[in-house]
Every structure is written in C-alpha cells, then in structure tokens.
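Undergrad: Chains A and B, in that order, are what the protein sequence lines are.
If you use the numbering used here, the first sequence corresponds to residues 114 to 469, in order.
If you use the numbering used here, the second sequence corresponds to residues 117 to 620, in order.
Incorrect hints may appear among the rest.
What the hints assert, rightly or not - Take a look, some chain A residues computed to stay more than 12 Å from chain B by CB distance: (1) V145; (2) F154; (3) S156; (4) A288; (5) G334; (6) V354.
As the list claims (entries may be wrong) - Taking beta-carbon pairs under 7 Å as the criterion, some of the chain A residues facing chain B (in silico): (7) R246; (8) V247; (9) G299; (10) G342; (11) N343; (12) E344; (13) A346; (14) R348; (15) G351; (16) G409; (17) Q440; (18) K444; (19) G446.
No lab work stands behind these hints: they were computed from the structure.
Positions of the beta carbon are idealized from the N, C-alpha and C atoms, including for glycine.
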Amino acid sequence: MSAPAAAAPPVRRGPPPLAKFGVPLALAAMLVAGTVLIPGFASAANLTTILLHASINAIIALGMTFVIVTAGIDLSVGSIVALAGVLAARTLTSTALLGAVGPVGAALLAIAVGLGVGAALGLLNGGAVAYLRVAPFIVTLATMTIARGTARLVTGGVPVGYPDPGDAGYAAKVAALDVLHGLGGGRLPVPGLPGGFPVPALVMLLVIAVGAFVLTRTRFGRYVYAVGGNEEASRLSGVPVPFVKLAVYTIAGACSGLAAVLLVGQLRSGGPDAGTFYELNAIAAAVIGGTSLLGGTGTAWGTLIGALLLGVLNNALDLLGVQAFWQEIAKGGIILLAVLFDVWVTRTSAAAATKS
Amino acid sequence: MALLALRDVTKRYPGVTALDAVDLEVEAGTVHALVGENGAGKSTLLKILAGAERADAGTIALDGAVLRLTSPRDGLRCGITVIYQEFALVPSLGADANIFLGMEPMRRGLLDGEAARRDAARALGELGATFDPSTPVSQLSTAECQLVELARALVRDARVIALDEPTAALSTRETAHLFVQIRRMAERGLAVIFVSHRLEEVRAVSSTVTVLRDGRRVWTGPTTQVDEPALIRHMVGRDVEYERLAAQGGRGAGAGGTSDVVALEVRGLARRPRFADVSFTVRRGEIVGLAGLVGAGRTELARCLAGADRWDAGEVLLGGRPFRPRTPGDAIARGLAYVPEDRKTQGLILGLLVRENATLPSLRRFTRFGTLRLRAERDAAAAQIAAVELAPGTLERPAGTLSGGNQQKVVLAKWLLADADVLVVDEPTRGVDVGAKIEIHRQLRVLADRGKAVLVISSELPEVLALADRILVMRAGRISATFAAAEATPERVLAAALPEGHAA
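Given only the sequences and the hints, what does the whole structure look like? Please build it.
TA: Below you can see the structure in the form of structure tokens.
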C-alpha cells in the first residue's frame with residue numbers, strides 16, 4: 114500500500130507546473146505581442162514606465178498576499194494609503210518641523226509617519242481579526258471607511274503638500290517635497306538606460322525579495338502557509354495562530370504605508386482620495402499571481418508577476434489608445450480568466466491526488 | 117416480501133471497506149434495530165440508504181423495484197427518510213418551513229405559507245407536538261427537532277424511516293414519547309430502522325435486530341430470541357485479531373513491566389457537561405488505552421490536556437509539576453503532544469508538503485534567528501519518515517496526495533519528531549487498512565519502550581485490547597471502569613462502555 118512515490122516530482126507550494134508557469138507565460142506572451150504590435154512598447158523608456166506604474170500596486174499586493182495566504186482579506190489598504198499619505202505629507206510640509214530638522218530630517222520623519230500609520234492601522238485590523246475573531250472582510254471594511262473618512266476630515270477634503278507661492282515657508286516646503294520625490298519619483302542613473310531606473314521599482318523589487326525570503330525561508334513564513342492551509346491543525350501543532358494573523362495584517366498595513374510614502378513623493382502631495390480601488394488592484398495582482406482566496410497558497414514572486422501583468426495590460430491598452438472604460442472591462446476579463454484557471458488547476462490536481 | 121431489501125451492498129473508502137456485501141430486509145409495519153460497535157458500518161449504511169453516498173456494489177429495492185439513488189433528493193422522492201443525529205434542519209427557519217423544505221406548497225407561483233403552516237401543524241399534532249409550528253428550529257429542544265424531522269417524513273409520505281441514535285440526547289420521558297410515535301408509524305405500515313447503542317431500548321422498541329460488525333452483517337433475528345449478553349457477543353466477536361504487542365523489558369526505568377515514574381497525573385478533571393471527575397495516571401513506558409463510545413467525552417478530555425480547550429475543575433501534573441496549558445503550543449513546549457483524531461481537518465495541513473507537516477510542531481529546532489535551516493529540517497524529516505516506513509519520495513509531496521494510512525504515518529512522524537514525553541493519541545488508526553494499523557501499533561509500542569507515556573483513545577476494542585497495558589473505560593463523561601490488560605475482555609470493556617443499565 115505504501116507505493117514508493119519515486120516517480121512523483123517534487124511539488125512546490127501547491128500549484129502544479131502548469132499553474133506555476135501559466136501566468137509568467139501569459140506575461141511573456143503579452144510582452145511579445147506588445148513588442149510586435151505596438152510601436153514604442155519595447156523601448157527602455159516605456160518598459161521602465163511600466164515598472165514604475167506597477168510598483169505601488171506590487172508593494173501593496175505583497176502585503177495583501179501575506180493576508181490572503183492566511184485565508185484573510187484586507188479591504189482597507191487603499192484607504193490606508195490615503196490616510197498614511199496625507200499624514201506623511203503633513204509631516205513633510207510642517208513649517209515648525211522644517212525649521213527644526215530641515216528638509217531631509219522632515220523627509221525621514223515623513224517616511225516614519227507613513228510606515229507607522231500604515232502599520233498601526235494594520236495592527237488594529239489584525240488585533241480585531243486575531244483576538245476579537247471578527248471576520249476579516251468586516252473588520253477591514255470598517256477600517257476602510259474609517260481611514261478614508263479620517264483622511265478627508267484632517268485635510269478638509271483637499272490634497273496636502275504643495276505650498277502656495279505666497280506661503281512663508283515656500284522654499285523649505287518645496288525642498289522637503291523634492292527630497293521625498295527622490296524616493297517616489299527619482300531615477301537611478303544606469304549606463305545605457307536613458308532616463309535611468311525608477312527608484313520605486315527598485316523599492317518594489319527589494320520589498321518582493323524580502324517578502325519572498327520571509328515566506329519561504331523563515332519560520333514565520335511557514336506558519337503563514339500553515340495557518341491558511343488549516344487553522345485548527347496549525348493551532349494543534351503549536352503554531353501561534355493569533356500572532357500570525359496579527360502580523361500579516363500589520364505587514365499589509367506597513368506595505369500600504371510604504372506605498373503611501375512613495376506616492377506622496379511621486380506626486381509631491383498627499384490626497385485624501387488617493388488609493389481608491391487600490392485594494393481591488395492588489396487583490397487582483399495576488400490572485401492573478403496564483404494566490405488562492407481560500408488560503409494556503411501564494412508566492413511573493415507570483416504576486417509580482419500578477420502586478421506586472423496588470424501593468425503591461427494597462428500600458429499596452431493606453432498605447433493602443435483604447436478607451437479607459439474598455440480597459441476596465443479587459444482587466445476584469447483577465448481576473449476572471451486567472452480565477453477560472455485557478456479553479457481548473459485545483460480540480461485537476463485534486464483528481465490527480467485521488468488517483469495516487 | 118420485505119418492503120425494503122438491500123442486497124450485497126458494498127462500500128469502500130480509501131484503505132478501508134466500510135460495508136462488505138451487506139444484506140438487509142426490513143418488513144413494512146415493523147421496527148428493525150441495527151446495532152454494532154463504532155465503525156461497524158451503521159452510519160455508512162444509513163448514508164447509502166439516504167442517497168447521500170453511493171454504494172460501490174449491491175442493490176437497494178423498495179417493494180421489489182430496484183432504486184437508483186444518486187442524491188438525498190432521490191432517496192426522499194422514493195419515500196426513504198433518514199434522520200441523522202445532527203439534524204438536517206435550518207436553524208433560522210420555522211418548523212413549518214423546515215418540514216416543507218424542498219417541497220414547499222405553492223399557490224399561483226408563490227409560497228403558500230398558510231397551507232404550509234396548516235399541514236405542518238396537523239403533522240406535528242399527530243406526533244403529539246405542542247409547540248407553535250412557526251417557531252424557529254433554533255429555539256426547539258432536541259426532542260422537538262426530532263418531531264420536526266418525523267413530521268417532515270410524514271408529509272412526504274415516507275415509507276421507510278431510519279433513525280440514527282435518536283435517543284442519545286433525550287430524557288427518559290422524551291424517549292418514551294418517541295417510542296410511542298415510532299410504534300404508531302410502524303402500525304401505519306411504515307418500515308422503521310432504529311440505530312442505537314442502547315440495547316435495552318433496542319429490546320423495547322424493535323421486533324427484529326441486525327448486528328453489523330466490521331462492515332458485515334453477522335446476525336439477524338427476532339428481538340425476542342436474543343438477550344443483551346448475546347448481542348454484545350455478536351457485536352465484539354471478530355475475525356481479525358491483532359497480535360498482542362507485549363511490553364518489552366528494559367524500558368524507561370527498571371527492567372520488565374512498567375516503570376514506576378508517573379509521567380501524567382490527572383486529578384478530578386472536569387469540563388462540564390462533557391466530562392467530570394476524571395482521574396488517572398500514565399506512567400513512563402506505559403500505554404494506557406481509553407475506551408468508550410463516541411461521545412463519551414474522551415476527545416474532549418484529550419483536547420483539554422492538549423491545551424486546545426480549558427477544563428473547569430481539577431488539576432493535572434506533568435512530570436510531577438502542575439500543568440495547565442493555555443495553548444497547544446504551551447503543551448508541546450512542556451512535552452505533551454496531542455495527535456488529533458481527524459487527520460484531514462486537525463492532524464495535517466493537506467496543502468503543505470509532507471516535510472513541512474512533519475516539522476511543524478518542532479520547527480523552532482530548525483530555525484536560527486527566525487530563518488529556517490532547510491538542510492537540517494530536511495534531514496530530520498527524512499529520517500523520521502523512514503522510521504515510520506514511508507517511502508523517501510513522499511517527503512516533498514503535498515500531504516493531501518497520500519493515502520489515508522500514509523497520511524496517518526505522517527501524523528505519527530510529526531509527533532515523533534516533536535519528541536514529547538507524553539503522547540495523547542486519538543483514534544490513531546481510524547480509516548486506515550490493516551497493514552498500516554499494525555505498523556502504527558508497532559510504532560506506539562516502540563515509543564513506550566523508549567520511556568514515553570502513551571494514552572491511546574480508540575473506539576475499536578481489539579485495538580485497545582492489543583495495545584494497552586491498562587484500559588480505562590469512559591461512559592457519559594466519567595471513568596466507568598479500569599482494567600489491567602490481563603483481566604480485560606471485549607465483553608467486559610463493552611459492557612462498561614455501553615449506556616448504564618446494561619450490565620452484561
């Protein structure tokens with residue numbers, strides 16, 4: 114009965130080979146098609162633009178991946194981007210602060226505020242999910258509206274940041290915004306790459322790499338998969354389930370805070386309406402990248418691929434001059450395809466499993 | 117001719133044959149009791165009868181016509197109603213809505229609530245129910261829910277009604293009322309199948325008894341021709357006997373026999389209403405069997421020891437020191453491991469690899485500064501997998517792709533790796549084939565011989581008898597008997613496990 118399974122190939126984290134390569138192949142196909150069909154698509158400038166535009170979503174989607182792998186969901190990330198963004202922008206352009214620590218100091222503080230606000234809101238989400246046992250959908254729905262409302266309340270509904278020319282601290286504020294713009298909109302000079310490599314894309318790659326390491330090479334990462342795979346079995350195995358949940362929502366919040374800082378830097382302002390629908394884009398990137406909403410599966414690199422695929426799609430449709438409304442419909446279709454693909458893979462691998 | 121006739125009904129699950137060519141004839145107008153130990157195949161038989169599971173072979177005939185049952189809907193349409201212990205009722209809906217669920221009376225394309233209420237009231241009235249038919253089921257008692265189920269069978273013009281342990285949660289008065297209703301249904305010409313562990317009730321209400329054992333029908337006859345000791349003998353008599361795995365000398369401390377070092381001491385433990393007043397000890401090198409019927413409180417006790425649930429009275433000493441785990445993680449850190457009964461929902465994470473499952477409780481050992489030492493993890497997991505005789509190739513496969521017996525070996529490997537001093541093992545061989553069973557038994561004995569204290573919960577009497585140095589029997593949340601291995605017989609253990617008033 115214990116038939117040796119010598120022939121069985123080692124399987125990584127759930128998805129069989131086709132699932133593993135299906136989405137990267139789709140991305141590659143889109144890149145090839147874009148190169149052939151769209152003039153200017155394959156230029157270095159355009160490709161770095163795609164990376165830049167995908168970076169904010171990819172960073173948020175990484176945090177979302179941690180949450181979804183535990184079989185949770187975080188609807189509040191977009192609103193957290195707004196609230197963390199306006200508070201970071203406020204810190205950055207505070208006259209008193211600029212006087213005390215200068216533009217670089219203010220920028221560093223703004224980064225800390227953005228990350229801190231994001232992590233704190235994530236901690237609240239995680240606390241309610243892990244210890245009060247409220248459904249993640251409800252908790253984060255509440256945080257979503259509360260954070261959005263707070264962002265509008267503290268700003269009066271208008272963006273914070275770029276000063277009026279008549280502002281007494283005009284020069285200092287612009288200097289501070291420029292410092293943060295180095296992070297959110299700057300480009301690193303790379304030989305042979307006109308315009309350089311966008312800093313946010315670099316941050317994105319760094320964040321994804323760290324996320325991948327944490328998920329695959331740390332005990333905590335193993336616990337994240339375990340909790341999402343089977344919470345009760347994990348608990349009985351001694352996994353600190355509440356802590357793991359608290360941590361993943363905090364990570365999602367911190368990722369949103371980081372995205373907020375980059376966005377403020379990029380736009381030189383923090384808007385209370387920023388980040389609208391970012392939660393849906395993040396969920397889409399994670400799901401397209403192979404994360405199952407049922408929990409237990411998903412990878413950081415998959416999520417990056419998912420975010421890039423959405424970025425390429427947007428960019429290609431832009432270049433083709435497709436109307437924005439059609440772009441939305443196309444995006445929905447892609448998400449649907451990804452989910453159908455996931456269902457199909459799950460069914461076929463389940464069938465394969467019962468045969469063995 | 118019998119109203120209901122089952123022929124050669126066979127059902128296999130991966131690694132186990134739940135029903136093996138079972139015949140059963142139930143006459144109209146009679147109550148036919150179905151008895152057997154846990155795992156004898158009663159529940160499987162009911163599920164097949166209901167259409168909830170499909171038999172691998174055999175036929176079911178009603179009035180001589182062979183039925184094709186592919187879903188519970190088919191079963192109901194044919195006039196077969198199975199009433200499970202955990203009712204098939206929607207708690208938030210009223211009794212009337214539940215009674216007509218799936219066959220709602222309609223008028224001009226809309227629900228006819230008036231007719232539903234009226235007909236439900238009539239059916240419930242016939243059954244002697246006194247509550248308002250529109251009461252939400254969540255507000256009804258167990259006995260009242262049962263009447264709702266029976267009323268549902270009546271309005272559907274059922275011809276066969278099967279009740280699975282209907283009296284398990286009823287008071288004496290409620291049981292008496294139920295029996296009156298059961299007899300009335302039989303008088304109306306229905307065939308009633310009555311599944312129970314309570315042999316006294318079987319004798320009181322049924323006219324025919326069928327005994328199932330290990331998925332086979334071993335005896336059928338008129339209730340008047342058999343007494344309780346004879347029924348118990350039919351239930352426990354067995355074709356497959358396990359080899360008794362005697363304790364080896366030189367274990368833990370001292371040669372031969374069990375060591376004197378108490379590893380686990382439980383004093384007056386209670387989690388009401390599930391169990392109370394439970395006291396026992398497990399010594400190093402000893403395997404203690406915990407026998408009893410499903411629902412006797414054994415798993416609840418084990419979950420408390422494991423830190424998964426709290427107890428509300430009593431104390432536990434682990435290695436002589438007070439022990440009150442707040443989480444399973446606490447218990448594991450203190451050296452008590454709980455191997456849960458359901459490997460698919462509690463024992464394993466089916467989507468994780470075998471290696472990842474095996475090392476989950478002991479992952480701390482394979483971590484440095486939070487980072488996994490993958491090579492050390494792999495080596496340890498591979499060694500343990502080999503020790504439980506799983507093929508090396510399984511190490512990197514998702515646990516969900518293994519057979520039941522092999523999954524159970526993974527569970528075992530996982531807890532061997534955790535290296536706990538005390539193991540609480542809940543139904544270690546449920547649903548695995550005989551080969552895997554023997555291997556798992558051997559592993560547990562090896563553990564005890566290495567000085568571990570092992571508490572084995574098992575509903576399978578031969579397993580407990582073959583494995584344990586000492587046997588505790590639980591009944592209705594209390595320890596009802598303790599036997600040394602030498603003095604335990606299947607009859608004595610079963611008699612202590614069956615509900616009170618049935619001294620064999």
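Undergrad: All hints, please: hold or fail.
TA: Right, here's what the structure says about each hint:
no.	hint	verdict
1	V145	holds, 33 Å
2	F154	holds, 38 Å
3	S156	holds, 41 Å
4	A288	holds, 40 Å
5	G334	violated, 8 Å
6	V354	violated, 9 Å
7	R246	violated, 15 Å
8	V247	violated, 20 Å
9	G299	violated, 32 Å
10	G342	holds, 4 Å
11	N343	holds, 4 Å
12	E344	violated, 9 Å
13	A346	holds, 5 Å
14	R348	holds, 6 Å
15	G351	holds, 4 Å
16	G409	holds, 4 Å
17	Q440	violated, 35 Å
18	K444	violated, 29 Å
19	G446	violated, 28 Å
When the structure is compared with the earlier hints, violations turn up for hints 5, 6, 7, 8, 9, 12, 17, 18, 19 and for no others.
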